[in-house]
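Colleague: Chain by chain, the residues:
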Amino acid sequence: MLIYLRKRIVSSALPLVVVIVGVFALARMTGNPASLYLPLNATQQMRDDFTARNGLDQPLLVQMTDYFGGVLRLDFGQSLRTGQDAAAMALRAFPATLQLAATTMVLAVVLALVVGCWAALKPNGIADRISSFISMAAASIPDFWLAIVGIWIFAITLGWLPTSGVSGASAWVLPIATLLLRPFGVLVQIVRGSMVSALSEPYIKLARSRGAGELRVVTHHALRNAAAPALTVAGDLTVGLVNGAVVVETIFGWPGIGKLMIDSILQRDFAVLQAAVLLTAVAIFALNILIDMGYALLDARVRPVTVKA
Amino acid sequence: MSSSKLPFATVLKWPALASVAVLGLSGCTVANTDDGGAAAATDSVRVVLSQEPPTLEACESNLTSTGVVVRSNVTEPLIERNPQSGELEPKLATEWKATSDTEWTLKLREGVNFQDGTAFNAEAAAFTIERAVNSKLGCNVEGYVFGDADLAVKAVDATTLTVTTPEPDPILPLRLSFLEVVPTSTSSTEKVREPIGTGPYKIDTWDAGQKITLSSWDGYWGDKPAYAKAEYQWRSESSVRAAMVTSGEADVAMGLSPDDNIGDLGVDYPNNETVALRMDANEAPLNDIRVRQAVNFAIDKEGIVSSLYQGKHQVAAQLVPEGIVGHNSELKGWPFDLDKAKSLVAEAKADGVDTSAQISLVVRSAQFPKITELAQVLQEQLSQAGLNVKLKMLETSQHLTYQVRPFPEDEGAVALMTQHGNQAGDAAFTVDQYMLSTGAQSYFGTPAFDAMIKKADAASGDERKKEFENIFAYQNDKVVQFAHISHQTGILGLAKSLSYKPNSSSGDELRISEMTPAS
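Protein chains in written order, with the working numbering: chain A, 1 to 309; chain B, 1 to 519.
Fair warning: there could be bad hints in the mix.
Calculated cross-link-like contacts (lysine to aspartate or glutamate; reagent style DMTMM-like; alpha-carbon spacing at most 20 Å) [stated by the list, open to error]: (1) B:K97 with B:E463; (2) B:K136 with A:D48; (3) B:K191 with A:D49; (4) B:K191 with B:D116; (5) B:K370 with B:E302; (6) B:K136 with A:D49; (7) B:K496 with B:D264; (8) B:K191 with A:D48; (9) B:K136 with A:D57; (10) B:K478 with B:E330; (11) B:K154 with B:E123; (12) B:K349 with B:D339; (13) B:K191 with A:D85; (14) B:K390 with B:D354; (15) B:K332 with B:E302.
Think of the hints as simulated: they come from the structure by calculation, not from any bench.
These figures come from a predicted structure and were not determined experimentally.
The shape of chain A in the complex, shown without the other chains (with noise of 0.2 Å):
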């Protein structure tokens, strides 16, 4: 176990820093956000002030250069559009977008099963075509404008939420439900297959045979040949969340690393963003690692099982 996991840091490491070297050369090649900073008829002075200052007059390898001795030192530098500290403003906007995710996920993954499930029992029944209406919309409508109509519906039209902001649970509900959606259509149409498929298997005729309950023939046997894909996704899918909920968070005011990204391309304020990306890509590498060993280790203890069967 651990030389696999020693095999896939090594192997995850790589893309992390073409990732890092990546971002920092595209910012660049942007252009000189000078033109953003200062004001529209400043002098040629100013503007090459600007530039020294903040030492964008170096070749590009000297600025990685530098960049990387500073990621060394733990120096991200600093944010062009506040004068902040670059690493300060990423970590402080990370854990509101890995609240969300996280909350939204398990969430979507309890949900899933549950209806996955129940539309498995009898495929092509009623409770299976419910299911899978409601699943294939919810996969399929785009976050923006559900985020509005959430809104519009509960939000003004009710007045039983917030339309925005952090303040109170009620807040949490309209990005949630907004941000679940699709995960939740993804998971269902994969537990649903894979549970099909699970309850036609000999092992859990012979659990019914045996005289076991519907109930405890699903959540004992079949889940758990079915549960592997439905996790190796939701892990992707949750990789997607931490990447930010751009829309979500730049429509419901939500403080996080999503919406700090968006705001940091946009102002060309090149510290900023490479902290963002450098703090997600870690973050992402770690996840990815976790899913692996998850299912590395969910495979370890199905395998005996299944054998038996």
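Please build the complex by placing chain B on the supplied structure of chain A, with the hints as guidance.
Modeller: What follows is chain B alone, placed relative to chain A:
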């Protein structure tokens, strides 16, 4: 059977544990928020802006998002311009006069203190000017208002200040109205995020990413404002900002559009913004004045204003609206005449102008409401006149490379969608940038036109008005760098519980002290 089971709970264990751990750390609030659901306090004005101010630094307060919080709430200028009358009025300076061609003398108000308890005096005023205009800080106000001219300032005594300009500058007092006064304890080598001022409110807290709160300051020299607190939040979606007012989560929402469902809580105000196409006269086919005239005839401004903007905007004939010194009320928008446009293009073609050359219509996404629809209409209308127009939608930073010198080369002909706001109230701030041949945002100009502009810049009083009026007429007649479209109207969402009358400066300077509970 049960020895090797992997029940439901185990499958869910790790994501569940992860989220419980994360949530557990902070209860049910978002990380780094200390707000567990503050109810609306009646002594507080809740404002929702379109973006978080990057800084509250006083010398950056001509940035819209900074100024709207800071100006005349936290800090105050020496002199202020009345947005209704256009007249300059005393604030921290009580009087001012030109004491020579290049020297102005200001008398300062006595008995005024900064929020840190120190006294406001000529030394602080001089320090403010030195810091914002003469230093290497790169203050936004420096380039915007003062260009690269350095000023010589002298504190004659505690309440007397002299300011000397390198060249005669008849509108120096107006320029000074852009400087927000800070105490001498402010850093002169670095910008500060939270300034100390002399205004009716001081900065209470700034939860980055979330909100800024101000509270009224007991030591204020003027009248005590009606509200004890002001709270600023920001949402980038204008429909969400509107919804916050209609649902009672905010009292004031900035920057709304006619489509935001604000209903009768929407209040219109003239925001001094003008939309126009700026044409590059160096490349075919726009290098022929007939083609530029054709562009003007081909645009159905009345149609655009009435259909896209529900009649809330006004057809424009020049870059500044009524109320700005130099606005020429004689000028009328170019009539919509497609036949005339077609014949001008044909005429140019007959004379050898390559009228099939591509014109890039360069537009900035989300710069103002309905800009995408407007761009599509313009592309269609110019195509009908026989021009080959390609629409280029860009984000702010890319758009700026077209807007400001040095312009991109090898782009072919460019028609740039421009939204120009003259918040200073004097045409010099428009003309110098957009029409001088060396102007930061000017594609061309002529020595004769430059001379006219220089003359207007140096003039004062009625003569100044006349000179600038002539410049706008001359541009429409002889230069045609612009195809003017409309003067915009701003919309503010305002809760019924609050009384406030927005004016042309409200978009940049939202004075909480002018708001009162509705009676």
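Colleague: Of all the hints given earlier, name the ones this structure violates by number, lowest first.
Modeller: none
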